[in-house]
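Chains A and B, in that order, give the protein sequences.
One rule links them: number in my numbering = place in the first sequence (from 1) + 327.
One rule links them: number in my numbering = place in the second sequence (from 1) + 327.
To be clear, the hints were calculated from the coordinates, so they are not data collected in a lab.
Predicted model, so just to flag it, every value in this text is computed and none were measured.
Check the hints yourself; a few may be wrong.
As the list makes no split between identical chains, a pair holds if one copy fits it or if it spans any two.
Said to hold, decoys possible - Below, in silico cross-link-like pairs of lysine-lysine (BS3-like), each with a Cα-Cα straight-line distance of 27 Å or less:
1) K728 x K809
2) K975 x K951
3) K821 x K725
4) K1003 x K975
5) K832 x K651
6) K725 x K807
7) K355 x K335
8) K809 x K725
9) K728 x K807
10) K478 x K382
11) K821 x K788
12) K551 x K991
2 protein chains.
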Amino acid sequence: MLNVTDSKIIELYLGKERFSLLNGKVLKFKRTLDMEKGYLLREMIWRSPLGKEVKITLKRLVSLTKRHVMAFQHQIEPLNFSGIITINSSLNGAVDNHMHEEEDPRYSASLGDLGLIVTNKMLENTKAVMVQETLRSKLSLACAMENCLTKGSPFATSNEQTGDSAKVSFQLNGEINKKIVLEKYVAYYTSRDYPVNKLPEMAAGMVEEARLIGFQDLLNEQNKYCQQFWDNSGITVEGDPKTEQGLNFNLFQLMQVAGCNGQTGIPAKGLTSEGYDGHYFWDTEIYMVPVFAALFPEEARKLLEYRFNILHHARSRARELSHKKGALYPWRTIAGEEGSSYFPAGTAQYHINAAIAHAINKYIEMTGDYSFMLDYGAEILFETARLWEDLGDYIPSKGNKFCYNEVTGPDEYTALVNNNCYTNYMAQWHLQYAYETAHFLKQKHPDTYQRLIEKIVLQDKEIEAWREAAENIYIPYDQKLKVHPQDDGFFDKKIWDFSATSADKYPLMLHYHPLVIYRYQVCKQSDMILAQLLLEDNFTLEQKRRDYDYYEPITTHDSSLSPSIFSIVASEIGYFEDAYKFYTMSVRLDLDNLLKDTNYGLHMANMAGSWLCVVKGFAGMRTKGGQLSFNPYCPQNWQGYRFRIIFKGSRLEVSVNSNKVSYKLFEGDKISFFHKGQKIVLDAGREQADCELP
Amino acid sequence: MLNVTDSKIIELYLGKERFSLLNGKVLKFKRTLDMEKGYLLREMIWRSPLGKEVKITLKRLVSLTKRHVMAFQHQIEPLNFSGIITINSSLNGAVDNHMHEEEDPRYSASLGDLGLIVTNKMLENTKAVMVQETLRSKLSLACAMENCLTKGSPFATSNEQTGDSAKVSFQLNGEINKKIVLEKYVAYYTSRDYPVNKLPEMAAGMVEEARLIGFQDLLNEQNKYCQQFWDNSGITVEGDPKTEQGLNFNLFQLMQVAGCNGQTGIPAKGLTSEGYDGHYFWDTEIYMVPVFAALFPEEARKLLEYRFNILHHARSRARELSHKKGALYPWRTIAGEEGSSYFPAGTAQYHINAAIAHAINKYIEMTGDYSFMLDYGAEILFETARLWEDLGDYIPSKGNKFCYNEVTGPDEYTALVNNNCYTNYMAQWHLQYAYETAHFLKQKHPDTYQRLIEKIVLQDKEIEAWREAAENIYIPYDQKLKVHPQDDGFFDKKIWDFSATSADKYPLMLHYHPLVIYRYQVCKQSDMILAQLLLEDNFTLEQKRRDYDYYEPITTHDSSLSPSIFSIVASEIGYFEDAYKFYTMSVRLDLDNLLKDTNYGLHMANMAGSWLCVVKGFAGMRTKGGQLSFNPYCPQNWQGYRFRIIFKGSRLEVSVNSNKVSYKLFEGDKISFFHKGQKIVLDAGREQADCELP
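If we strip away everything but chain A, and leave its shape as in the complex, we get (with noise of 0.2 Å):
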């Protein structure tokens, strides 16, 4: 993960004196998230060594209506002197990686001297451009900067090119109580998206129309941007402040990381930090798509057209691993190749594939949109279908069930194994749908399906194989306990002796080596967990309780991707107070940082699934065969709490209190579904229906 040409560089002298808070007092200093209004402030007031007192408040945006642009505005005043002031605007083409102080498996080395080369630079007055370029795929890259003193007039304005940098130099005389207003205007554009001789002059054009724009017209344009985006999307929780917050803050960073393009995925760290190499994993698919196929339709979508856009390396990977057919998507990715190195916790990873299928039916589900389907869908799910066919084989010794033997499961802390429960559940719904789908698409898409079956040269004996697949699956059951193995060898493992682990050895991946891990019963996160919430009509509710219990105490929650499906399936199963706890360790992990390592970036996924702990788990939120479903309760601390979310293009607001459910239908013109089994039509006649809780 290479970083961009820094632009956020603006250096201030009181005389000779540069402001630092590593030197001086700093007599206040508060740094705001504005979310509401979409940028970030910080407020600081300073006294430097030789006594000057200056006021500083900087304001910075990245454009969520203009993406090219930043926009960054810098008062100054000085409080008890006047003389010259400085100021120094740069942008820095010479940016390195983190350099990371401990060896941990999730994170990757540093890149050393594998950074960005300057190809290009232009400096004319108070505008830079700076093109760069990436060593080996020859990407380009354009970031230009404007730079205006709206207030305060210069009795110097220079300019210089060093190297890797572009400097712009403000010099004035200051007085006392009077503000120096700097303003300046950033924009990025790539290769990716326009010719490569084309960048300086968009971006150079970029930071003109925003300077004229101005940053406060750039900031109310964010402002209603946000505004729009809380209305839709925002969380209310009554009498629980730091879990609201941490919500909204989770639903602020993923708008903020939606990139709408179909070109790309949502790495794990979003763009925050350089953890896990900026790459895409499937909890995009079972974490995130879910969230925005419910907030943020557009968005979800673009990200299954990100796959679609992918699938000839899918293909090539598959090809690779002697499948002849089908498509195998990539553990981590990109471009779309396969960027795991260590394939028993990465490659092997085959459920990948059924994240894909799955997501794809759950935005189908929340959206009705199976245009979807028609376009790229399809093509995704039969092409990975066949690859589940492929893998899978009927074993004698299983008494000829259809097996999954040497794969990964979700849960890293066993590798290679016979008969991952999760993925052959998986699997066995992944192979059924797309069967289902190829004579749905027959009968009701006749032509669309031709074209497709052609295309990809798919014969009526494949699809009747997926479902006699389907139908022999092996299912690992353990008759005597009653629970879902793991896998095959699960219980012939020991479980691990959590008594003798003291708080300081977890995570265990950092303290153990994996050849320790994977000799014991010991979960990262529960695959099995998982399973009960994706495929929900497999289980009774006494096997999940069962499962629940047999899984929940050999639980690390290692994985930030645990708490989160461990809180919904307690909600569903009555676990209440399991259900609340998980929620707390899941919806503010990023933001008072409990797992540590929130320097390494934002954990995205679980930033969706504490939504999800909220509308699937407190509020019981379903849409099983495309019909929407409630079955809510308040967590017992809370007064109440209200969310809205879009059904096939309806936008529905839920508000829960302890004996109270309203259900209220503020967009589109009707919108139908159940409350605990009772079914609620909101239309122009009847817009809101109130349900009393037991």
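Since the structure of chain A is provided, determine the placement of chain B on it from the hints.
Relative to chain A, chain B alone:
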């Protein structure tokens, strides 16, 4: 694996034409490895592009008696011209690693610029010394050369240093039919053996000593050494000259590589090329130590002393893997640290501990040298037994049997399995042997025992736990097939489709991703067959045949370690055709480049294995409980064969033909052994026994 200073370079110019086999015309070329005398001979007649003909005779030896010395003799005879001849003799310190054309998991990438650095050079008349150093570990190496024209008088002698090289030049007036002879003496010294500051003078002194001895006397000394070796170890086959040559070539290579210093092991490829990075593996103990124990006991002992000398690393490695006690030997190493990067087919091969214990046992049985046990062996044995005790667990779902989960056996075509049958059998044997040894030492060598248990803080209850674990070890067995599954899940996999696998797809590991190979019943080499050889008493003949019949068809022999083991076991169970077939796969594997990878180096373990095919296979030699026994037969297409071994200090010659075996004591006072169960004693009164074969 770093290449030392190249001292082999001798250039020849006829006038201005440089001798090269790539130019001009080669009228005669013959290369002979004279194994009897121990030197390499090249005889050439070459016609230069301008028509000058020259006869060149090159002899080269690496002294087996003066371990620091190499010597060269170059004879040059102008056949049809007189004129200026120039001879340049060089040392070159800039030695690259071989570049590997194809990606191959068995070989590592090139080291790039990580070669040796020249730190010091001296050049005086015809002598040069070069000192080089490794980049990271700062090991030093000095290489000296001395050059003498013993026939021919140069009219000019010069020398030159440039960068990483040193050169000595002679210019002569060559005369038709008059021989010119250059003798070059080279010596290497390293800081592992001597103080850094002494290295240059030691190397210089040694080439001076070699020069005084002279090439011919060095060759005579070499000849004498080799004669002794062949007298003791040579093997004769009547009626099969090609495999006889193969056997003796293999013995010659083993003899050459024996370091006899206790500080080094034998790399997988010996010192012949860069495959496997010069690392030592378990095959030293399982394949080579038994051969050395029977032919060259001092080297067998030194190889085991090397393991003792790295025991502290093995202890550290065990701690890294969370074992509170005991030692885990590295899967691949030179200095003692684990060098494997892909641990599922590296560190997970815990069976290396048992291989070392087994070799200690075999060495003592063959030599009677129990002092090794007292001085070194017991400490290794107990520390490694501790690891087996700590690694396993009593597993309720396996009837509370003692199980080993998530280990990898010798067959790397499966990895990370539960209860690898080979591993469990070997661990059982190892624990029992450690238990018995502890009791034996306690009674017979109480002082040694006391010192040792104090040193390693060994408690009686630990020793008791070894016995208990050994008694309770879980052995996977399929009651229906009456065959041992290779591991718990092995029979739950489909058998590899060999009929659909064309010959060019072998070795499978170069053509299929491990995830594909791991999914099938297919063996690179068979664990079970090896267990039957090493622990022969654990299996009835019928069981051995059933297991052999099961595993032989699913073994690809993609590992050079495989055929010899199959051959020996086939001999034992009466599958004589198979025994001979697998023997031929082993015996000329490198001479005929059967695996097409001899360019990466000789397969040292297989070379030892081919001798075992004859001695343990055809002649049925065993050393059970310190008793030597034979059960010989003569392969059908052989008239006979003869070999010698040394057993407890007495040397025995065994001659077998189709109807008779002769045993002859030719060194030592007395030897007793069993022939097909019948006890035979040879001594001064009866030096030979002849036994009829049915």
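Exercise. Which hint numbers does the structure go against, in order from smallest to largest?
Worked result: none
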